[in-house]
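S.K.: This is what each chain is made of:
2 protein chains.
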Amino acid sequence: MKQVRLGVIGIGAQGGTYAGFIAEGKVKNMVLGAICDTDPEKKAMCAEKYPDVPFYDNYIDMLESGNVDAVVTTVPHYLHPEMGIEALKRDIHALLEKPAGVYTKQVKEINEFAATKPELTFAIFFNQRTNPLYQKVKEIVDNGEIGPIRRTNWMITNWWRPQAYYNQSDWRATWSGEGGGVLVNQAPHQIDLLQWICGMPKKVYSNVKYGFQRDIVVEDEVTTILDYGNGATGVFITCTHDVIGTDRFEILGDKGKIVVDDSKKITVKRLKKSENEMNAEMSWADAMKIFMGADLGEIYEEEVIEFQSVWGQQHISVLENFAANILDGTPLIAPGSDGIHGVGLANAIHLSSWLGKEVELPVDEELYFAELNKKIEAEKKETVTQ
Amino acid sequence: MKQVRLGVIGIGAQGGTYAGFIAEGKVKNMVLGAICDTDPEKKAMCAEKYPDVPFYDNYIDMLESGNVDAVVTTVPHYLHPEMGIEALKRDIHALLEKPAGVYTKQVKEINEFAATKPELTFAIFFNQRTNPLYQKVKEIVDNGEIGPIRRTNWMITNWWRPQAYYNQSDWRATWSGEGGGVLVNQAPHQIDLLQWICGMPKKVYSNVKYGFQRDIVVEDEVTTILDYGNGATGVFITCTHDVIGTDRFEILGDKGKIVVDDSKKITVKRLKKSENEMNAEMSWADAMKIFMGADLGEIYEEEVIEFQSVWGQQHISVLENFAANILDGTPLIAPGSDGIHGVGLANAIHLSSWLGKEVELPVDEELYFAELNKKIEAEKKETVTQ
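Which chain is which? The protein sequence lines are R and E, in order.
Number 867 marks the last residue of the first sequence (our numbering); no jumps.
Number 867 marks the last residue of the second sequence (our numbering); no jumps.
A hint or two may mislead.
If several chains are the same, the list does not tell them apart, and a pair holds so long as it fits within one copy or across any two.
Distance condition first, Cα-Cα at most 30 angstroms in a straight line; then the derived DSS-like pairs of lysine-lysine [stated by the list, open to error]:
| id | residue 1 | residue 2 |
| --- | --- | --- |
| 1 | LYS754 | LYS570 |
| 2 | LYS617 | LYS862 |
| 3 | LYS507 | LYS855 |
| 4 | LYS619 | LYS753 |
| 5 | LYS838 | LYS736 |
| 6 | LYS770 | LYS523 |
| 7 | LYS586 | LYS619 |
| 8 | LYS523 | LYS509 |
| 9 | LYS507 | LYS754 |
| 10 | LYS507 | LYS770 |
| 11 | LYS619 | LYS523 |
| 12 | LYS753 | LYS598 |
| 13 | LYS838 | LYS746 |
| 14 | LYS770 | LYS745 |
| 15 | LYS745 | LYS589 |
| 16 | LYS736 | LYS530 |
| 17 | LYS684 | LYS586 |
| 18 | LYS684 | LYS483 |
| 19 | LYS684 | LYS838 |
| 20 | LYS861 | LYS570 |
| 21 | LYS523 | LYS507 |
Calculated from the structure, these hints are not laboratory results.
Since the model is a prediction, treat every value here as computed from it, not as a measurement.
This is chain R alone, in the form it adopts within the complex:
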């Protein structure tokens, strides 16, 4: 194989974007193998836009057509795992759109199945992992430059979505259609980056507001305390009603601090001596000078690194990395099996708010699934009685 023939399952906003990149030759070693969608209007659109690309209205037919080596699942979140499994079953490589699924029980199924097919490429579309800024943050943390982590804090409230967004279609922002709100649709990128860079917490407590500022049943406001089990704590905040959104990510370690502003600027303060050493060695008199406002420049070195984001480049990078893994075993930026972490964290955040208490991770998958189904049932009754 010299080029990967990609099948796009679902040619909506995301699928259409990816198909466009590939058709325009922007994705190295990847060509459009086929397109699948259940919507007749999409079929007509594709006949005009991609006349040479086979079109299917059933993804199983596409998987069995011999026209595709791999697929991307740009379909509603609930469908990612089952479509991924069907592809892998037929020895078709699978790139899942994020999130990997809505609940860990289903994501575990695809992870377990994929583990039986190690020769196939199974990846997930965490395009933010290709963002040089977050790669740099991960590198600084992984290198131990700020030491073991003491606290994480991400306030990412710039996922503004007005009511008109939610009113686009009936499945949006419902338990049965999406399985959640900002945690499932908008924030999975940051949830993944947080765990990718800082590790998974052991416990989560959340205060989640459902339909706080929007006429929706799912969450539009999330405040969470993370406990890493070793004394370290974290806070994760997101929402869809802050039109002047904040994006500020701070990581404190024994040896320094990283602050990321607006996903554009990293400020790293590296302590000359670790805080542990300063704590052990410093006299009360010297300490006084510091907290009375002495020049802190003497205790750390500051580095500021600025980045420019190029829209679309991240998605192309994920597609190219997926193709490269298939073709020559280049390591994946986001292995498919990583998808479960973000889903588990989002599930734990929901579950904590539903139970009104701190919950442990990995989340109790049966309990979450049962509670989610209660929400879906209640939503159905509500819809019927309206």
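Guided by the hints, dock chain E onto chain R, whose structure is given.
M.R.: For chain E alone, coordinates are given in the frame of chain R:
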């Protein structure tokens, strides 16, 4: 009375500073009436430094001496309420050092007693309320310039204290001596400002680490979720082990956002239309433009206000305001009865972490007192067995 004769109870670091300001004539309409301390070394020091000021080793004697019209209680936190009550009983005006006490049960006692003596001035030393920056923030919020509050977020981790600080004396950072750590000693200013500006939450959930990075039994790391009961939430974070401390206070409202950095700079973003109106009126297409990165400058106006802090001026302002209230009824910046809010919030944060669940406010004063006493008892046993 033309000048208020102040009695300083406890001539340690704070009491000594206040006495110095008054002796140097920096405090309008206030003179040093007397000084009290139980430490003979302090008596010798005062004999030299303030030879004309009567000295007492018993504060009741000072209260009954006829030398003072008012007192300030710069003594360990547990003693503030009882000394305040003894002063008021003798028709002596009382200025309590912060915090008003360690637990609300005792603070309620002085509040109730003070209410029976409305002719007397009862105030608390919240010097940060005289900070023009926080007065401005409060004014913006009170004027409704950012609308009803949706979220508050204060990370105030620049209360760095090394082990040497805690090792200064046996009572520091103990349950019996201080009744807590950063919540009781360092952060009461911010806890008061937070409730002064944004109101009291109805519920609190906290994750508190006791002796996380210091060899102490009380808290050196606090992460708290506040629930205001109307959908609005908040986060309060503080600690004593972050030598590159962060001080960032954000308030989001329906009509805008305030961000305070380092207690020096206010950035106010006032929306031209409230978020509620934007949400109701904006089409999906227009909204897309905004979250694809359109110029947000068009939807809000930004004002940046910078402040310079003058060390000591705040304390002088509190003393002057106290004197002015006594002399001519000038409204108090911080009435004594306000002290209970911060104590209640700190108590709720402790209690939530002890019980492992969200707790309601006002805090259950008997339950808190019982749990605090358990800590004190456990600490005593620990000390005996060591």
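S.K.: None of the hints should be skipped; say for each whether it holds.
M.R.: Hint check results:
1. LYS754 <-> LYS570: So LYS754 and LYS570 fail the 30 angstroms test inside a copy (54 angstroms) and across (53 angstroms) alike.
2. LYS617 <-> LYS862: neither (48 angstroms within a copy, 50 angstroms between copies)
3. LYS507 <-> LYS855: neither (45 angstroms within a copy, 67 angstroms between copies)
4. LYS619 <-> LYS753: within (21 angstroms within a copy, 39 angstroms between copies)
5. LYS838 <-> LYS736: neither (33 angstroms within a copy, 32 angstroms between copies)
6. LYS770 <-> LYS523: between (68 angstroms within a copy, 24 angstroms between copies)
7. LYS586 <-> LYS619: For LYS586 and LYS619, the Cα distance is within 30 angstroms only inside one copy (28 angstroms; across copies 48 angstroms).
8. LYS523 <-> LYS509: For LYS523 and LYS509, only the intra-copy Cα distance (26 angstroms) is at most 30 angstroms; the inter-copy one is 80 angstroms.
9. LYS507 <-> LYS754: neither (47 angstroms within a copy, 41 angstroms between copies)
10. LYS507 <-> LYS770: between (57 angstroms within a copy, 24 angstroms between copies)
11. LYS619 <-> LYS523: The answer is neither: 40 angstroms in one copy and 54 angstroms across copies each exceed 30 angstroms.
12. LYS753 <-> LYS598: The answer is neither: 48 angstroms in one copy and 56 angstroms across copies each exceed 30 angstroms.
13. LYS838 <-> LYS746: Intra 35 angstroms, inter 37 angstroms, cutoff 30 angstroms: neither.
14. LYS770 <-> LYS745: between (34 angstroms within a copy, 20 angstroms between copies)
15. LYS745 <-> LYS589: For LYS745 and LYS589, the Cα distance exceeds 30 angstroms both inside one copy (34 angstroms) and across copies (49 angstroms).
16. LYS736 <-> LYS530: neither (55 angstroms within a copy, 44 angstroms between copies)
17. LYS684 <-> LYS586: within (19 angstroms within a copy, 33 angstroms between copies)
18. LYS684 <-> LYS483: Result: close neither inside a copy nor across copies, 46 angstroms intra and 61 angstroms inter.
19. LYS684 <-> LYS838: both (10 angstroms within a copy, 13 angstroms between copies)
20. LYS861 <-> LYS570: So LYS861 and LYS570 fail the 30 angstroms test inside a copy (33 angstroms) and across (66 angstroms) alike.
21. LYS523 <-> LYS507: within (22 angstroms within a copy, 79 angstroms between copies)
In summary, the structure is inconsistent with hints 1, 2, 3, 5, 9, 11, 12, 13, 15, 16, 18 and 20 from the numbered list given earlier, while agreeing with the others.
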